[in-house]
Amino acid sequence: MAESKNGNGKPKTELLDELEKGPWPSFVKEIKSACAGSDSPKDLLGQLELSYQEKKGHWKHGGLVGVLGYGGGVIGRYSDVPEQFPKVAHFHTIRVNQPAGWFYTSEALRTVCDIWEKRGSGLTNMHGSTGDLVLLGTTTDQLEPAFQELARAGFDLGGSGSDMRTPSCCVGMARCEWACYDTMKICYDLTMDYQDELHRPAFPYKFKIKAAGCPNDCVASIARADLSIIGTWKDDIQQDDAEVAKYAAAGVNIQRDVCGLCPTRCMEWDGKKLTISNAECTRCMHCINVMPKALRPGKERGAAILIGSKAPIVQGALLSSVLVPFIPAAELMETIKELLSRLWEFWDEYGKARERIGELIQRIGMPAFLDGIGLEPAPEMVSAPRDNPFIFFQPAQGGDK
Amino acid sequence: MTTTPQPPRITDIGPPAYDKFLPPIVKKNYGLWKYHENVAPGVLCHVAESGDKLYTVRAASPRILAVQTIRKFCALADKYCGGYLRFTSRNNVEFLLTDPANIAPLKADLGKLGFPVGGTNNSISNIVHTQGWVHCHSAATDASGLVKSVMDALCDRFTQENLPAKLRIAVACCLNMCGAVHCSDIAILGVHRVPPKIQHALLSKSCEVPTLIASCPTGAIRPATVDGKNSVEVIPEQCMYCGNCYTVCPAMTMNDPEHDGLSIWVGGKVSNARSQPKFTKLAIPYLPNNPPRWPEVVKAVTTIVDVYAKHARKYERMGEWIERVGWPKFFQLTGFEFTRYHIDDFKHAGLSYARSAQIRY
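Just so you know, the protein sequences line up as chains A and B, in that order. To convert, note that position 16 of the first sequence is 16 in the working numbering; the numbers rise steadily by one, no gaps. Just so we're on the same page, the working numbering is the position in the second sequence counted from 1, plus 1000.
These are calculated hints, taken from the structure and not from any lab test. On a predicted model such as this, the values are computed, not experimentally measured, just so you know. Hints may be right or wrong, so weigh each one.
Each computed DSSO-like pair below joins lysine-lysine, with the alpha-carbon atoms no more than 30 Å apart [as the list claims (entries may be wrong)]: (1) Lys-299/A / Lys-1278/B; (2) Lys-1027/B / Lys-234/A; (3) Lys-1205/B / Lys-299/A; (4) Lys-118/A / Lys-1072/B; (5) Lys-1299/B / Lys-1278/B; (6) Lys-32/A / Lys-1107/B; (7) Lys-206/A / Lys-1278/B; (8) Lys-352/A / Lys-1197/B; (9) Lys-299/A / Lys-1027/B; (10) Lys-1028/B / Lys-299/A; (11) Lys-1205/B / Lys-234/A; (12) Lys-1197/B / Lys-55/A; (13) Lys-1072/B / Lys-29/A; (14) Lys-1053/B / Lys-234/A; (15) Lys-1299/B / Lys-29/A; (16) Lys-293/A / Lys-1028/B; (17) Lys-60/A / Lys-1197/B; (18) Lys-12/A / Lys-1072/B; (19) Lys-29/A / Lys-1112/B; (20) Lys-12/A / Lys-1299/B; (21) Lys-56/A / Lys-1205/B; (22) Lys-60/A / Lys-1027/B; (23) Lys-56/A / Lys-1027/B; (24) Lys-1020/B / Lys-337/A; (25) Lys-1205/B / Lys-352/A; (26) Lys-21/A / Lys-1079/B; (27) Lys-1314/B / Lys-293/A; (28) Lys-1028/B / Lys-246/A; (29) Lys-87/A / Lys-1072/B; (30) Lys-1278/B / Lys-337/A; (31) Lys-273/A / Lys-1034/B; (32) Lys-1112/B / Lys-21/A; (33) Lys-1028/B / Lys-1107/B; (34) Lys-1197/B / Lys-56/A; (35) Lys-1310/B / Lys-246/A; (36) Lys-29/A / Lys-1034/B.
Only chain A is shown next, with the shape it has when bound in the complex (with noise of 0.2 Å):
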């Protein structure tokens, strides 16, 4: 049985000592790390020995725990073998809005680190799905004290529930060559700019903010972002013709795998020289992303907004469609903040209590969407105009049109 110990005190732990074998990093000896720091992990391994034993979780519903004054940002986390395992009756998670780009100082981290420890598990994600740099399992007594640390040290929490969550972006200019807007810059500025609706839930769900600095959408913007920004281009490709004759030299089939697997064949290689028709591009990034040092995305840079993503709790998987098709870089920052207030203007008006603002597109559809947040429609928004001719024609105004 999992609550029976060895004569040192430490929990039996058959089951997950085998996770301690093997070539890739173990979280079993990540847990046991943090038993020499702190109470709880202890008790962490001997509930998850359970679960392991009985093929079953035993953390209970979260609860509502927080800090003053924020709705967001505390997970609340209550054992449902509390007598077994009391050091880990309240583990509750705080989520801490992490740098753009997960960049850090090893100073930076200490903090975090020190504070960790003396006031929780000393256990982390580094980091979570949306982002965040979690801190796993503490008290509720602890959490107010471990914000106020924290802040003191520059940090602040992050989003849960029903508010804005924690942005976050690719790496983008820090050290990629085909980041076409400052992500980083825009991911801290949209944060700053929304700190109330990050702390505090007001939405009728939750709503995701994805910064990726071009078409390979290095953070899934795509996938897991109600907006997703994603960079791109306007004008050609920047094209170095020498370049394009060494990777030639060194063996890249140029014909086969660069022309060949473009989705619009909009290149040619006649054996000495690459032509790219750019209108016909779409900017797949292909094949710059085959010849980085020979292909370059364009000079005219900015972004593309789609919108409503999400994992498919409720209705569906959905991933984002294009809203606007190209936004320049130096815009950026204004346009979105204005069509955000158009956007939570409208969900907070029309959706419905967790509903993704990409469940109530699909609800609704998209025509009236764009009427309700004042958007022209365009042929870049759709894959293909209706192929039925089921037409809600609207009353025609005026007189005859």
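For this one, chain A is given, so just place chain B on it according to the hints.
Leaving out everything else, chain B in the frame of chain A:
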């Protein structure tokens, strides 16, 4: 009476400024990177317009990290990178170096600590995953244990770049999919297979019946009076075990050790490169929940990876390869059984039916 003055309470300060923790070489060349080259698996070199070179060494992480381990990463950052480090969107840790002479000793130190270097280009990067039994109330399975078991078997695919294209695996321990497995090359998804067991006494105390009824995507929940108290009943044939009712009402218990298990999905992607982003599709509807090593899941995933590695063309992602050769071929090559569960019967199901006479024989 005197009171101890409280320090002023700090709120709404937001995260650290986006440029606060950037290494000097990054600050200097911010937005001015020109191209990158692959040095070795797990090692990239980014070259700036200025000619500056930045070397990235990427190492695996179990995502659950104890502060003790984070401090070890910090010590490596101090030793090799002027005290700077970062993490990736797939939970790897990255060290950014200016001196290429530091690559080998850093890799050796990471090796000694047990953190493999890799995850770049045509490899399997770290598995994006959820909390599982470690910290979630709705988990049908554990996530960290599955990740550990699968990556122990596939570690060489992390440390080497020998696949046709990049391969992204995700694990989610229930249909909430906090791990967003719906767009990965391979997805492992915890599933329930029986309707919620209703705890009527708890329900009348802690749940709003109208909210609960409205939560069901298929309208399977209807009001009922049980022992004279307001409660609900579930129409079993209308329930697809999504657990959404449990999210709004703890009395709708979903966990069921006997029937919970794993499903395997393939062929999704988020990148726009070549083909458009796509959802994962069902490969195996159910495998048993078998901790601590989940051998059936590990075997299924390694089978898919091996078949893909052998048959896909260069640059072809999993879903692109399957679309080229056809789903019948995928089931034939993997040996997975095609069942009635593979054919969609939810909303818009007809869109996935084969609507042409273009058939491979």
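These are the hints, each one checked on the structure:
{"no.": "1", "hint": "Lys-299/A / Lys-1278/B", "result": "29 Å, holds"}
{"no.": "2", "hint": "Lys-1027/B / Lys-234/A", "result": "27 Å, holds"}
{"no.": "3", "hint": "Lys-1205/B / Lys-299/A", "result": "61 Å, violated"}
{"no.": "4", "hint": "Lys-118/A / Lys-1072/B", "result": "18 Å, holds"}
{"no.": "5", "hint": "Lys-1299/B / Lys-1278/B", "result": "25 Å, holds"}
{"no.": "6", "hint": "Lys-32/A / Lys-1107/B", "result": "24 Å, holds"}
{"no.": "7", "hint": "Lys-206/A / Lys-1278/B", "result": "23 Å, holds"}
{"no.": "8", "hint": "Lys-352/A / Lys-1197/B", "result": "27 Å, holds"}
{"no.": "9", "hint": "Lys-299/A / Lys-1027/B", "result": "21 Å, holds"}
{"no.": "10", "hint": "Lys-1028/B / Lys-299/A", "result": "20 Å, holds"}
{"no.": "11", "hint": "Lys-1205/B / Lys-234/A", "result": "58 Å, violated"}
{"no.": "12", "hint": "Lys-1197/B / Lys-55/A", "result": "17 Å, holds"}
{"no.": "13", "hint": "Lys-1072/B / Lys-29/A", "result": "14 Å, holds"}
{"no.": "14", "hint": "Lys-1053/B / Lys-234/A", "result": "29 Å, holds"}
{"no.": "15", "hint": "Lys-1299/B / Lys-29/A", "result": "24 Å, holds"}
{"no.": "16", "hint": "Lys-293/A / Lys-1028/B", "result": "21 Å, holds"}
{"no.": "17", "hint": "Lys-60/A / Lys-1197/B", "result": "15 Å, holds"}
{"no.": "18", "hint": "Lys-12/A / Lys-1072/B", "result": "27 Å, holds"}
{"no.": "19", "hint": "Lys-29/A / Lys-1112/B", "result": "15 Å, holds"}
{"no.": "20", "hint": "Lys-12/A / Lys-1299/B", "result": "28 Å, holds"}
{"no.": "21", "hint": "Lys-56/A / Lys-1205/B", "result": "25 Å, holds"}
{"no.": "22", "hint": "Lys-60/A / Lys-1027/B", "result": "46 Å, violated"}
{"no.": "23", "hint": "Lys-56/A / Lys-1027/B", "result": "48 Å, violated"}
{"no.": "24", "hint": "Lys-1020/B / Lys-337/A", "result": "24 Å, holds"}
{"no.": "25", "hint": "Lys-1205/B / Lys-352/A", "result": "24 Å, holds"}
{"no.": "26", "hint": "Lys-21/A / Lys-1079/B", "result": "28 Å, holds"}
{"no.": "27", "hint": "Lys-1314/B / Lys-293/A", "result": "20 Å, holds"}
{"no.": "28", "hint": "Lys-1028/B / Lys-246/A", "result": "29 Å, holds"}
{"no.": "29", "hint": "Lys-87/A / Lys-1072/B", "result": "26 Å, holds"}
{"no.": "30", "hint": "Lys-1278/B / Lys-337/A", "result": "29 Å, holds"}
{"no.": "31", "hint": "Lys-273/A / Lys-1034/B", "result": "22 Å, holds"}
{"no.": "32", "hint": "Lys-1112/B / Lys-21/A", "result": "15 Å, holds"}
{"no.": "33", "hint": "Lys-1028/B / Lys-1107/B", "result": "26 Å, holds"}
{"no.": "34", "hint": "Lys-1197/B / Lys-56/A", "result": "14 Å, holds"}
{"no.": "35", "hint": "Lys-1310/B / Lys-246/A", "result": "29 Å, holds"}
{"no.": "36", "hint": "Lys-29/A / Lys-1034/B", "result": "41 Å, violated"}
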